[in-house]
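A.B. asks: Sequence:
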Amino acid sequence: MWQNLKWEINAKFKEKIHRHVSSFQVIILGFMLVILLGSLCLTLPLATRDGQGASFLDALFTSTSAVCVTGLVPHDTASYWSVFGQAVILFLIQIGGMGVVTVSVAVAIFSGRKISLMQRSTMRESISAPQVGGIVRMTEFILKTVFLVELLGAVAMAPVFVRDFGFLKGVWYAMFHSISAFCNAGFDLIGIRSPFSSLTTYASQPVINLTIMALIIVGGIGFLTWEDVKRNRLHFSRYRMQSKVILVTTAVLIAAPAVWFFFFEFSELPLGTRLLSSLFQSVTPRTAGFNTADLTKMTEAGQMLMIVLMLIGGSPGSTAGGMKTTTIAVIFSSARAVFRQKERAHFFQRRIPEEAIRTAGAILLMYLGLFLAGGMFISYEEGIPLLDALFETASAIGTVGLSLGVTPELGRISQLILIGLMFFGRVGGLTIIYAAVPSRCVSGSAFPQERITVG
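In terms of the UniProt record's numbering, the sequence shown has 440 at position 440, counting the first letter as 1, and numbering is strictly consecutive.
No lab work stands behind these hints, which were simulated from the structure alone. In this text, all values refer to a predicted model and were calculated from it rather than measured experimentally. Careful, some of the hints might be misleading.
Taking lysine-lysine pairs in the DSSO-like style, the calculated list, with each CA pair at most 27 Å apart, reads [said to hold, decoys possible]:
| id | residue 1 | residue 2 |
| --- | --- | --- |
| 1 | 244 | 342 |
| 2 | 169 | 144 |
| 3 | 230 | 244 |
Build the full structure now, drawing on both the sequences and the hints.
C.D. replies: Here is the structure:
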């Protein structure tokens, strides 16, 4: 009797929770909880090399950067954090890259528990899936893809790192950088040679360059796109419209900036290194955070181009952040329709829903507003050039991790601003708004329409 009563109470409690907590709120609370737990772990004495432990703000900043797969850090990862601290950061990167909801659903699957409708709905929102059906199968595909790609990346880089750092450390470095690159996190351990140097010492090393770039691209394209590729192989015409848009936009955003960097930024380098550096600096702003060139020596035009790439970011349902490639593609398609005086925007002979165009405009406005406001405030507060501050805020809200060397010198208020931008960039602006605003009520009435002149 008591057991039946207990089950009935638990069922009613869960039903009440599900009724009042939306999928968007679950996603936000999940990320916040993981960030808090990671912060507490990083404050432990054994997390730092000096045995003192990090301050809570530094731990919070680093934990947020790891879970939001950004890469901005107040301290060099290799020289400041112990192996335990680095392992905590890597664990947070893996959870953040796959998604807190994906990890929780994966745990439920492996433990044999039934996946509830609420969990399936939350998972759909988390990976931007088109429907709830097939979510469990999709989760299994994500897990297999993640670990297979990360393993292949580690195996490819291991010979180089083992040669440079010895067997144990080389294997650890290969695994760390493979996970960090696939999750588009940008954390590195090469700072043991020179703090905050990222991969600059490997600028002419083809294996490291090509492997890291491949991992960034694979992670940033999105799991739904790879599922489409797996199902339809190389038959591009059979892909979903979204997959086509993502692949084409990604190719353009890699090729065009690489040409600019090749001719205008790295002309003094040998041809091989010049080609690798151009490609790498074109790939990494969306949204990995590694760099093989000294970004402070780039022209302001080159830095501004990187800011644009950081804001665009990767693709929906991927490990990357930013506005997303589909957002910028929809805006360009809508503008093209206006220029050509067409009534509808389209891709590959498919019309784009008006709701998608409105959403893309709202996302662009949110990102630009927060990016500019944060950059202007940090520039004023810290007394640094506006371009440097904007570079940091673009890196934060795009969850990239590239820096012009400003982050370690920032004050508390500026660090808190970057923490907020990193969280916003990873969770998503619309997710935060939908979590805070009640569900819309559908009404049959509408206000009268009147023309307004724009432009």
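A.B. asks: A separate judgement is required for each hint: does it hold in the structure or not?
C.D. replies: Hint check results:
Restraint check: the Cα-Cα separation between residue 244 and residue 342 comes to about 22 Å, which is no more than 27 Å; the hinted pair holds. Simply put, residue 169 and residue 144 have alpha-carbon atoms about 26 Å apart, close enough for the 27 Å limit, and the pair holds. Using a Cα cut-off of 27 Å, the hinted pair residue 230 and residue 244 holds, with the two alpha carbons roughly 14 Å apart.
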